[in-house]
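Asks: Please put together the full structure from these sequences, using the hints given.
Same order as they appear, the protein sequences are chains A and B.
Residue 622 is where the first sequence starts when you use our numbering, and the numbers rise one by one after that.
Residue 634 is where the second sequence starts when you use our numbering, and the numbers rise one by one after that.
No lab work stands behind these hints: they were computed from the structure.
Do not rely on the hints blindly, as some may be mistaken.
Stated by the list, open to error - List of simulated lysine-lysine pairs, DSS-like, C-alpha gap at most 27 angstroms:
no., chain 1, residue 1, chain 2, residue 2
1, A, 1000, B, 694
2, A, 1000, B, 721
3, B, 691, A, 817
4, B, 694, B, 708
What the hints assert, rightly or not - Residues of chain B clear of chain A, computed beta-carbon distances all greater than 12 angstroms:
no., residue
5, 684
6, 785
7, 886
8, 1164
9, 1205
Stated by the list, open to error - With the C-beta cut set under 7 angstroms, the calculated list includes, among others, these residues of chain A facing chain B:
no., residue
10, 648
11, 920
12, 967
13, 969
14, 977
15, 979
16, 983
17, 1007
Beta carbons are placed, not taken as given, at the ideal position from N, Cα and C, and that holds for glycine.
The lines below spell out each chain.
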Amino acid sequence: MAYEQNLVCFNTFGSEESWTLATYEKHDGYSAWRKVLAGEFTPEQIIDEVKASGLRGRGGAGFPTGLKWSFMPRNADVQKYLVCNSDESEPGTCHDREVLRYNPHCLVEGMAIAAYAMGATVAYNYIRGEFIDEPVPRFEAALREAYAAGLLGKNIQGSGIDVDLYAFVGAGAYICGEETALLESLEGKQGKPRFKPPFPANYGLYGQPTTINNTQSLASVPAILRNGAAWFAGLGPEGSGGTAQFSVSGHVERPGNYELPMGIPFRELLDICGGVWRGRSLKAVIPGGSSVPVMPAEAIMDCTMDYTSLQQAGSSFGTGAVMVMDDTTCMVSVLRRISRFYMAESCGQCTPCREGTGWLYRMLTRILDGEGQEDDLDKLLDVANKIEGHTICALGDAAAWPVQSFLKHFHHEFEYMIRNHGRSIVDGTRNAAA
Amino acid sequence: MTDDVVNIEVDGKPVEARKGQMLIEVTDEIGTYIPRFCYHEKLSIAANCRMCLVEIEKAPKPMPACATPVGEGMKVFTRSPKAIAAQKATMEFLLINHPLDCPICDQGGECELQDLAVGYGRDVSRYNDGKRVVKDKDIGPLVSTDMTRCIHCTRCVRFGEEVTGMQQLGTTERGENMKIGTFVEQSVDHELSANIIDLCPVGALNNKPYRYSARAWEMVQRATVSPHDCVGSNMFAHVLRGTVKRIVPRVNEKINETWLADRDRFSYEAIYSSDRLATPRVKESGVWRELDWESALSVAADALTDAEPGKSGILASPSVTLEEAHLLARIAAAIDTSNIDCRIGRRDFSDQDNDPVYPSLGCDIDAIEKQDAIFVIGSNVRREAPILAHRLRKASLAGARVSFASSVEHEYFFDIADYLSGAGLVEMLSAVAVAAAADKKLPTAVAGLCKGVTADDVHRRIAASLRAADQGLVLLGNIANRHAAYSAVRGLAAAIAEMTGAVLGSLSDGSNSAGAHLAGLLPHRSQGGQPRGEAGLHAGALLDEALDAIMLVNIEPDADLLATSGAVEKLARQKFVVALTPFVSDALLEAADLLLPIGTFAETSGTFINVSGTWQSFAGVAAPVGEARPAWKVLRVLGNLLDIPDFDYVTSEEVRDEVRSQLGDLTPDNSYAGQTALAMASGDDSPAAEIDIPIYSVDGLVRRASALQLTVEARLAASKAADS
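Replies: Below, the structure written as structure tokens:
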């Protein structure tokens, strides 16, 4: 079966200067926003449309976007904010970067529509610091073009609608992708997650009602309004509307970002990426960014890439960052690398994550150094379990899930290494990777 | 049942709670203890330590009791296997990087982590990797740091942000590398900063002067009261075999809450200063020699007996106890003199007949927070009474308009509505009075002072804020009280208060100005404010007369006697001066003829009456140094030697009870009754003539507290004094 690519967020890809306003408008860009400005959509209609589209948050948690929007006290007479989360930091994930680089107007339009729908007159795009090179200038250029074209600002085109968009560049912290840490950072404070409740919809940026959405979620909105909720929902299976951008990395022939309909079988996705490289066989896949549970080859081969299927199989759709590992991969090394990331990125605020992530990393390092003890594996699991669900934000869970799942599916590799004083089960099999 | 009540269940017991309360507040109220580190009732909720995780029915994860609001029908399990498992997990995490150096940690024995580790920790650590080590910081002479012990609860950080408003401590870096510190190396200087010692649940922030000098379980804890300002902060002295080792706050929500000013906490060092006078000394032909108490007291008694009526004088510190003040007043009466005064810092006595019966705040200390508008006149209140400054800040945060008038602007960490500065107090206040009068007639007393004065917008805003306030307070500070034209300043302040419907209040010097006034340590009034027939010499004039005998009580003439200039020389010229003093100094050796060693606040029992009229009695907490004796006992024996009848007090309580029964119930009325036009009196209204005593120079004790003298505040004051 052939899958049509680049239907939603990547719709200008392949055109000359795909990031310009002219190109975007050639692809019907801003037609939805112009309809909004012309009064053809009420905020309620937009929210209903997004609800009906089945769009779910693409930042990892998969919360229904329309429902999130409906939590905003739209009619309260206070300043409300929309914040776009472009602090794309989950390891393996790099598709928001592509939206910012190659189709920034799609995001600008989506943010404008969302802001209007929720009664927010000011919206910020929080962009990760490492994007300073190309994505930030592209997005800022798009803002300038949109302002110049009279698509943003106060009383836009006489509609009475005010929407001001700003870009904000972070300083490079994974934790600032957590929505409340992002708000703190945006306020000029240290990026430390807030305890919830209160939720941002009640007490967000500067204490005002705020909605935070992922880049891809917001960039999907123009296509939903253009083509209708039914069209969008119909792209994917039940419960997972639209397309997803898969950042496929690892041991495949053609790694890259692919925008494909939700629900595509993993097999097909792997084929589109040219299959496992060098003709090797598949060992494992992390299907949604480094924090989601790893899946052994046999488990993922039967899955379709959507929220329901991956959840039933014991993992999660996450951010759509698919990390493919072939049979030469040492799973202990992979886990240690992942654990190092969460140790380095813990904000340090709350105890289990601050202390536990380092402990996990050091135990894994010891095992790799050949100094592992038999009881280290039980201890690893126990520490992970004690972090999970005990922290202020989800970083603790993100650190725990890989440990739990790697131990569940690849326990024998860890045991082998401990018994063989640091020798990996894959040592001697071709050229070990990872 | 009202809408505000929700019914919850804690460990199977039904409990009523108020809507919006956090779970931990409810469980604390009913006495169900949930372990915690980061939670503190005076600080915002951080929910970062995760020690207070409890199980809540239907919640998928354990919830922090400190940050979970109660809801109708909530079922909480604080000791269920799930709750205990979560708490134990947190404890294990906290301990993996905590150095288990309890035997050499000052916090040992009173450490929240140690205590909870007994209940929730394992006997053997499962963590066998290297522990984190954090470099210590030098944050000044008061607080020691052992940052490796820090458990990152951020109480100290939140204290700076929220309580003092002067954030000096914060966190840097993240994850395991997160540390508490000052970022740019500096000391932590706020006058309440040492409260972080008490807030720190572990041994990371500790008491620097106390370091390694005692163990918590060896000491006895005795209640006492601060002798340094008119607040009378409640404190505990921790005493080891008769020696005060440290001072900690004693909770009193109506006075100092859970806080203590650094001055109150560290002044105890002076009790053991090398300046302490250990034995009585007498000067004979210009040569000092030691003598025994019996002979010393007879020398004093003889001098007082020999003095002609009206030719002796008594000057006492406003920090003497009520009992000492009463005995002094009785001795003065017996030797027939009304040359007696406790107002040693005042410089303008011209309108003293219109003083209230004792200087008072005009409201309770905790009522400051409830004011809608406050106008503080001539005060460096953070230095004069740190706890009152904290209450002012709370008032401001709660929405009160707080304005100031002082020639020099002082720094405050809250929004100041208006700040009048740069001119003399009389000049500034007369304009506010004009604004307060609007088109009405000014009171006679100040009409002359306000003649030709025009008000601008700032003056009008201040007057309007007081007028608009349901509760307004005009507060005279100690700079105002020491002002050369105090009468004019007070008259104007009273006029402003009267015309705007605000209450007039005043700070006062020392810890017991109120008690000393009530006991009758005044030349123009006897006990209870009764006018004397003929007024004696006040503190500003007493030394200018040639008297037969003068008694100084707890006064250092070079530093404390601001009422007159050149006090040391004037005293030296007098026929006979006896000084009851805890300390000996060059000035005292020059000024006095007889030195009698008395105990400090720690070595005597007594009573202080604070600025809101609260009587606070305390017992002696420490063994006297050398041959020093409590001043009330010295005075009692002196009275016996003078053959004063009914002077056989056995305890200080007897003295106190006698004054109490004689005084009855006296409430001061601060409203001003004077009808005569006030002049500028001694008159210098220039800012240069104002006296602002540095925070760590207010009395002999703090001047000798070595750690306090090392603070930035004290060193700046010293270099300023050296320059002038």
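Asks: All hints, please: hold or fail.
Replies: The hints, checked one at a time:
1. A/1000 <-> B/694: Cα-Cα ~21 angstroms, so holds.
2. A/1000 <-> B/721: holds (15 angstroms)
3. B/691 <-> A/817: Distance ~17 angstroms between residue 691 of chain B and residue 817 of chain A Cα, so the pair holds.
4. B/694 <-> B/708: Answer holds: residue 694 of chain B to residue 708 of chain B is near 14 angstroms, not above 27 angstroms.
5. 684: Non-interface label fails for residue 684 of chain B: nearest chain A Cβ at 8 angstroms, not farther than 12 angstroms.
6. 785: violated (7 angstroms)
7. 886: holds (27 angstroms)
8. 1164: With a cut-off of 12 angstroms, residue 1164 of chain B remains clear of chain A, as the shortest Cβ separation is near 59 angstroms.
9. 1205: holds (62 angstroms)
10. 648: violated (42 angstroms)
11. 920: At about 25 angstroms, which exceeds the 7 angstroms cut-off, the nearest Cβ of chain B leaves the hint on residue 920 of chain A violated.
12. 967: holds (4 angstroms)
13. 969: holds (3 angstroms)
14. 977: holds (6 angstroms)
15. 979: Holds: closest Cβ of chain B sits about 5 angstroms from residue 979 of chain A, inside 7 angstroms.
16. 983: holds (4 angstroms)
17. 1007: holds (4 angstroms)
Violation of the numbered hints given earlier is confined to hints 5, 6, 10, 11; the remaining hints are satisfied by the structure.
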